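Engineer: In case you want the letters, here they are:
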Amino acid sequence: MKRFIKQFYVGLIFFFLYVPIAVLFVLSFNDSLSRVHWGGFTLKWYTELVENAPLMDALVNTLLLAVASAGIATILGLAACIGMTAMKHSSRQVLTMIAQIPMLNADVVTGIALMLLLARFMNLSFGSVLIAHITFNLPYVILNILPKLKQIGTSTYEAALDLGASPAYAFFKIVLPEIFPGVLTGFLLAFTMSLDDFSVTYFTKGPGFETLSTTIYGELRKGIKPQMYALSTLMFLVVLLILFIINRQSVKEERKIKQQKKKHSLSRTALCLMLFLLPVTLSGCGKQKENYQNEITVFNYSEYIDPEVLEIFEEETGIHVNYEEFATNEAMYAKLSSDAVSYDLLGPSDYMIEKLMKEGRLQKIDKSKIPNLKNLKKNCLESCESFDPGNEYAVPEFWGTLGLLYNTKMISETEVSSWDCLFDEKNKGNIIMSNDMRNSIGIALKKLGYSINSSNPKEIKEATDLLIRQKPLVQAYLTDETRDELVAENAAIGVIYSGEAYLAMEYNEDLAYSVPEEGSNVWFDCFVMPKDAPNKEGALKFLNFMLREDIASMNFEYVYYTTPNQAVIDSQPDDIKYDDCIFPTDEMVSRGEPFTYLGAKGEKLYSESWKRLKSR
Amino acid sequence: MANKLIELCGISKSYGSNQILDDMNLYFNENRFLTLLGPSGCGKTTTLRIMAGFETPDTGKVLFDGVDITNMPPNKRPLNTVFQKYALFTHMNIAENIAFGLKIKNKSKAYIDDKIKYALKLVNLDGYEKRMPDSLSGGQQQRIAIARAIVNEPKVLLLDEPLGALDLKLRQSMQYELIRLKNELGITFVYVTHDQEEALTMSDTIVVMNQGYIQQIGTPEDIYNEPENAFVADFIGESNIISSTMVEDKLVNILGTNFKCVDVGFGQNRPVDVVIRPEDIELLSPEKGIITGRVTSVLFKGVHYEMEVMANGREWLVHSTVMKNVSDEVGLYVDPFNIQIMNKPESEDEEAVKIDA
Chain A
28 MKRFIKQFYV
38 GLIFFFLYVP
48 IAVLFVLSFN
58 DSLSRVHWGG
68 FTLKWYTELV
78 ENAPLMDALV
88 NTLLLAVASA
98 GIATILGLAA
108 CIGMTAMKHS
118 SRQVLTMIAQ
128 IPMLNADVVT
138 GIALMLLLAR
148 FMNLSFGSVL
158 IAHITFNLPY
168 VILNILPKLK
178 QIGTSTYEAA
188 LDLGASPAYA
198 FFKIVLPEIF
208 PGVLTGFLLA
218 FTMSLDDFSV
228 TYFTKGPGFE
238 TLSTTIYGEL
248 RKGIKPQMYA
258 LSTLMFLVVL
268 LILFIINRQS
278 VKEERKIKQQ
288 KKKHSLSRTA
298 LCLMLFLLPV
308 TLSGCGKQKE
318 NYQNEITVFN
328 YSEYIDPEVL
338 EIFEEETGIH
348 VNYEEFATNE
358 AMYAKLSSDA
368 VSYDLLGPSD
378 YMIEKLMKEG
388 RLQKIDKSKI
398 PNLKNLKKNC
408 LESCESFDPG
418 NEYAVPEFWG
428 TLGLLYNTKM
438 ISETEVSSWD
448 CLFDEKNKGN
458 IIMSNDMRNS
468 IGIALKKLGY
478 SINSSNPKEI
488 KEATDLLIRQ
498 KPLVQAYLTD
508 ETRDELVAEN
518 AAIGVIYSGE
528 AYLAMEYNED
538 LAYSVPEEGS
548 NVWFDCFVMP
558 KDAPNKEGAL
568 KFLNFMLRED
578 IASMNFEYVY
588 YTTPNQAVID
598 SQPDDIKYDD
608 CIFPTDEMVS
618 RGEPFTYLGA
628 KGEKLYSESW
638 KRLKSR
Chain B
11 MANKLIELCG
21 ISKSYGSNQI
31 LDDMNLYFNE
41 NRFLTLLGPS
51 GCGKTTTLRI
61 MAGFETPDTG
71 KVLFDGVDIT
81 NMPPNKRPLN
91 TVFQKYALFT
101 HMNIAENIAF
111 GLKIKNKSKA
121 YIDDKIKYAL
131 KLVNLDGYEK
141 RMPDSLSGGQ
151 QQRIAIARAI
161 VNEPKVLLLD
171 EPLGALDLKL
181 RQSMQYELIR
191 LKNELGITFV
201 YVTHDQEEAL
211 TMSDTIVVMN
221 QGYIQQIGTP
231 EDIYNEPENA
241 FVADFIGESN
251 IISSTMVEDK
261 LVNILGTNFK
271 CVDVGFGQNR
281 PVDVVIRPED
291 IELLSPEKGI
301 ITGRVTSVLF
311 KGVHYEMEVM
321 ANGREWLVHS
331 TVMKNVSDEV
341 GLYVDPFNIQ
351 IMNKPESEDE
361 EAVKIDA
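Chains as they are written, first to last, in the numbering used here: chain A, 28 to 643; chain B, 11 to 367.
Because the hints were derived from the structure by calculation, they are not lab data. One or more of the hints may lead you astray.
To be clear about the criterion: a stretch of chain A counts as covered by chain B if any three or more of its residues have a C-beta under 8 Å from a C-beta of chain B, and this derived list gives those stretches [claimed, not checked]: (1) 178 to 185; (2) 475 to 489.
List of simulated lysine-lysine pairs, DSS-like, C-alpha gap at most 27 Å [stated by the list, open to error]: (3) B:270 to B:334; (4) A:175 to B:127; (5) A:558 to A:568; (6) A:382 to A:453; (7) A:362 to A:391; (8) B:127 to B:115; (9) A:177 to B:95; (10) A:200 to B:125; (11) A:385 to A:200; (12) A:488 to A:638; (13) B:125 to B:71; (14) B:165 to B:119; (15) A:631 to A:488; (16) B:95 to A:115; (17) B:115 to A:405; (18) B:354 to B:334; (19) A:436 to A:453; (20) A:200 to B:179; (21) A:200 to B:334; (22) B:14 to A:200; (23) B:71 to B:117; (24) A:641 to A:474; (25) B:86 to B:113; (26) A:200 to B:71; (27) B:270 to A:200; (28) B:131 to B:117; (29) A:638 to A:455; (30) B:71 to B:179; (31) B:119 to B:14; (32) A:175 to B:119; (33) B:71 to B:127; (34) A:474 to B:115; (35) B:192 to A:200; (36) B:71 to B:131.
Since we're looking at a predicted model, the values are computed, not measured. We treat Cβ as the ideally placed atom computed from N, Cα and C, and that holds for glycine.
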């Protein structure tokens, strides 16, 4: 009985450890967007993965970075260990402790610290990320090599000298082979650490350089695509393989049979690989600095520009674009505030633009240099005035509404014409609310007839109380997964952005989109120019280029979010032009309100109310 | 004095403020079994490492066959070392281990193969060529380490507590093995140990060291029977060391009773240390002893009984094959030849001068 419980317990642990990976594995072959319904076996996510050029670039970057940083860290770490072994006991202990601090330190802290330091001496790019990765890899290498060196002691080295070996010969023929298992484990551990690092990479990378983790993070906003399941599955298999090699190595070491020759060749292969990849890496470093006369640095929402568009711009103007992406306004703000990189253009949302304006971080845009401004939709610019009076700072890039995605089989069109449906007992368990603080509180405010930008404590309390009463009806508070849940028909209504809704309707014909009559949020993502933009001229050229009809059209077809470009709208076929999800009617827009900056006090009030709701 | 093989002249060595060796002088000739004996921290291993070249002395010179090798790196020195922890190369098999030094010297393959066979035969491990070090027992590994060293035909083999990690039985059989090896090879062994029994069994010459100074140099018999000071007497075997007064030549007053002895030249009424080995005290009937006492404890030790006898206000350690019972009254008798008189040391640092080994 006791034995059974023991085995059951171990089984349970393994179940919880590996079931998530198994789910991932299965979903990567699922021919349906849903996370719960099996739509048949498919390899299409794998083919799409391979065809996804930015993702493949990121993969190459990641692997290059991992091999190079692990390789260099191994060489440095090995040298450090040898030095440390020769030290007096007390100073060695102190140094070992110091060497291990980066490992215990939170990644975010390491990342920010390295960013601040490296930004002083170099452009943030592949080079800076490489240095950062070497830094946090070193402790893992040292941790693996030092015990091995201690284990063989100094007498092994001395014995070699005693038998006539020169110091170098003794090191390469005796010491290195003896500690090789530790060196290999250190290298592989460093390799995997580098492979899945996000925080440090995120802070130390510059525009134009992405690794897998930063790319995936950028895509979070739009929901994780099944391609990612495929990629994750592949990565898991690679890590599994590495693990297998490590284990085999140690088993081999234990057996110590006559396989010596093989082991030598393995170490030689590893060494060759490292030596081969080093120049490749360094040339990669150099490539980052191709000689463009002129360059601009753009920091934009992820997946807002067709990569081909950037190539066309570079060809036409000879201006190189350092393109960097962010996933949330807040992440953009953090990076901007660090002053690590000077940007020429940013692409934040309405309320963030107002915040940056009020903090004096933006400069007015010279409209005379952007003739293509004439292509912009008139009422769009009018709406923008709520956060940018006189349209002096912001050039709209994409916009849309916040509304309801609903399943026509489960709920009627008349019901969803009001926010009331989200508070109706009848829909209990079929409602997905937004996990965004301002969206959810904003909806409650609208239902109560207040402004979406209210900072009146009484109104906000009323709205929060309403949301607390609603909570039992809500199935989940989600952001990016809302689309997939409705596609999978796990819920009847969900709060969603218009752009996402359009995508969802492509996947499931029974879905429809509605903006309730009480009015909603109209959001705008616009280009703005920081005060210290180094290449103002180039930035203006870029803005004019982005507003050109053919270019705006390419981006529209890439993103399928609402474009503010009238010329593009006019050229669309009727079924798209009159789809009020992708192109909201003037009446819908007039009912909507953009978010404005609440000020520090207002922000605090909102986040406290939000905490009150979520902690229930 | 003709052919000093190794000579250490005025060697001093310290680590920080810790003085390990102070102006040490020592030399020895060919074909000796020399043992550096002392408690841990006495400087014996440092002395060995200075000979091997792993340490450089702060002052002084190391001469080999009259040539100064003080600053010669270890890989150029014509001597080899056997380490306490064997230090075999675990990623090589036994044959490769033994061939290591010969390959560096670019010897022919036939020569190397011959040497491996010869060396393995010498250490009684024929046929172990393809084995890996980890598959061998501690004693076997140590014998391989010795084989690996001697194939290089050194004139001196340095052994740093080579039996320290082995169990008692194995240690004893390895002692005989080492004596046999030394005799077959006809080279000098310099052996470091803290085990006095090991030193007495194997050595031609023992160098007793303490706190960086040589305390006494001599044959095992000299060291055991005529220790020059209380440290040596105490360190080599068990003994009764008693603070006494030399009344006159051939008469010493021990704890208030006069004992006859054979030593002369200490002067009159001088304070001295007296050493009496426990096996040299005879237990007789009370009236036959020089002094009388009462047995306070008896332990059976196999070959003999170890007893403590209270006499003249002191516990005397006695080894005897005749058993007495606790609280028996006994007479203690010591032959004058077995009373060893020593000068009281002026200081702990008292050092013996060099003695022709």
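Engineer: Each of the hints needs a verdict: does it hold here or not?
Structural biologist: Outcome of the hint check:
Taking a C-beta to C-beta cut-off of 8 Å, the stretch 178 to 185 of chain A contributes 5 residues in contact with chain B, enough for the three needed, and the coverage statement holds. Closer than 8 Å: that is the beta-carbon criterion, and the stretch 475 to 489 of chain A has 0 residues meeting it against chain B, so the requirement of 3 is violated. Straight-line distance between C-alpha atoms of residue 270 of chain B and residue 334 of chain B comes to about 26 Å, which keeps the hinted pair within the 27 Å bound. Between residue 175 of chain A and residue 127 of chain B the alpha-carbon distance is near 32 Å, which puts this suggested pair outside the 27 Å criterion.
Restraint check for residue 558 of chain A and residue 568 of chain A: satisfied, since their Cα atoms lie roughly 17 Å apart, inside the 27 Å limit. Distance restraint check for residue 382 of chain A and residue 453 of chain A: the Cα-Cα separation of roughly 40 Å exceeds the 27 Å cut-off, and the hinted pair is therefore not satisfied. Annotation: proposed proximity of residue 362 of chain A to residue 391 of chain A holds, straight-line Cα distance about 22 Å (limit 27 Å). Using a Cα cut-off of 27 Å, the hinted pair residue 127 of chain B and residue 115 of chain B holds, with the two alpha carbons roughly 18 Å apart.
Of the supplied pair hints, the one linking residue 177 of chain A and residue 95 of chain B holds, its CA atoms being roughly 13 Å apart against a limit of 27 Å. At roughly 21 Å between alpha-carbon atoms, residue 200 of chain A and residue 125 of chain B fall within 27 Å of each other, so this suggested pair holds. Taken as a hint, the residue 385 of chain A and residue 200 of chain A pair is broken in the structure, with Cα atoms around 67 Å apart against an allowance of 27 Å. A C-alpha spacing of about 12 Å is found between residue 488 of chain A and residue 638 of chain A, which places the hinted pair at or below 27 Å, so the restraint holds.
The straight-line distance between the Cα atoms of residue 125 of chain B and residue 71 of chain B is roughly 34 Å, outside the 27 Å bound, and the hint therefore fails. The suggested pairing of residue 165 of chain B with residue 119 of chain B holds, with an alpha-carbon distance near 23 Å, which does not exceed 27 Å. At roughly 13 Å between alpha-carbon atoms, residue 631 of chain A and residue 488 of chain A fall within 27 Å of each other, so this suggested pair holds. A hinted pair counts as satisfied when its Cα atoms are at most 27 Å apart, and residue 95 of chain B with residue 115 of chain A qualifies at roughly 21 Å.
The hinted pair formed by residue 115 of chain B and residue 405 of chain A fails the criterion: a straight-line CA distance of about 90 Å is larger than 27 Å. Proposed proximity of residue 354 of chain B and residue 334 of chain B is contradicted: the alpha carbons are some 34 Å apart, above 27 Å. Between residue 436 of chain A and residue 453 of chain A, the direct Cα distance comes to roughly 15 Å. Compliance with the 27 Å bound is thereby established for this hinted pair. Using a Cα cut-off of 27 Å, the hinted pair residue 200 of chain A and residue 179 of chain B is violated, with the two alpha carbons roughly 36 Å apart.
Only pairs whose Cα atoms come within 27 Å are accepted, and residue 200 of chain A paired with residue 334 of chain B is rejected, the gap being roughly 65 Å. Note on residue 14 of chain B and residue 200 of chain A: the hinted pairing is violated, with a Cα-Cα distance of about 36 Å set against a maximum of 27 Å. The suggested pairing of residue 71 of chain B with residue 117 of chain B is violated, with an alpha-carbon distance near 32 Å, which exceeds 27 Å. Of the pairs offered as hints, the one joining residue 641 of chain A and residue 474 of chain A holds, with about 20 Å between alpha carbons and a cut-off of 27 Å not exceeded.
Between residue 86 of chain B and residue 113 of chain B, the direct Cα distance comes to roughly 15 Å. Compliance with the 27 Å bound is thereby established for this hinted pair. Straight-line distance between C-alpha atoms of residue 200 of chain A and residue 71 of chain B comes to about 32 Å, which puts the hinted pair past the 27 Å bound. Pair hint residue 270 of chain B plus residue 200 of chain A does not hold up; C-alpha atoms about 67 Å apart against a cutoff of 27 Å. Proposed proximity of residue 131 of chain B and residue 117 of chain B is supported: the alpha carbons are some 20 Å apart, at most 27 Å.
Distance check on the hinted pair: residue 638 of chain A and residue 455 of chain A sit about 22 Å apart at the alpha-carbon level, within 27 Å; holds. Taken as a hint, the residue 71 of chain B and residue 179 of chain B pair is broken in the structure, with Cα atoms around 40 Å apart against an allowance of 27 Å. At roughly 35 Å between alpha-carbon atoms, residue 119 of chain B and residue 14 of chain B are farther apart than 27 Å, so this suggested pair is violated. Simply put, residue 175 of chain A and residue 119 of chain B have alpha-carbon atoms about 33 Å apart, too far for the 27 Å limit, and the pair is violated.
In summary, the hint linking residue 71 of chain B to residue 127 of chain B is not supported, as the alpha carbons are separated by about 38 Å, beyond the 27 Å threshold. This hinted pair does not check out: residue 474 of chain A and residue 115 of chain B have alpha carbons roughly 93 Å apart, beyond 27 Å. Proposed proximity of residue 192 of chain B and residue 200 of chain A is contradicted: the alpha carbons are some 31 Å apart, above 27 Å. Using a Cα cut-off of 27 Å, the hinted pair residue 71 of chain B and residue 131 of chain B is violated, with the two alpha carbons roughly 38 Å apart.
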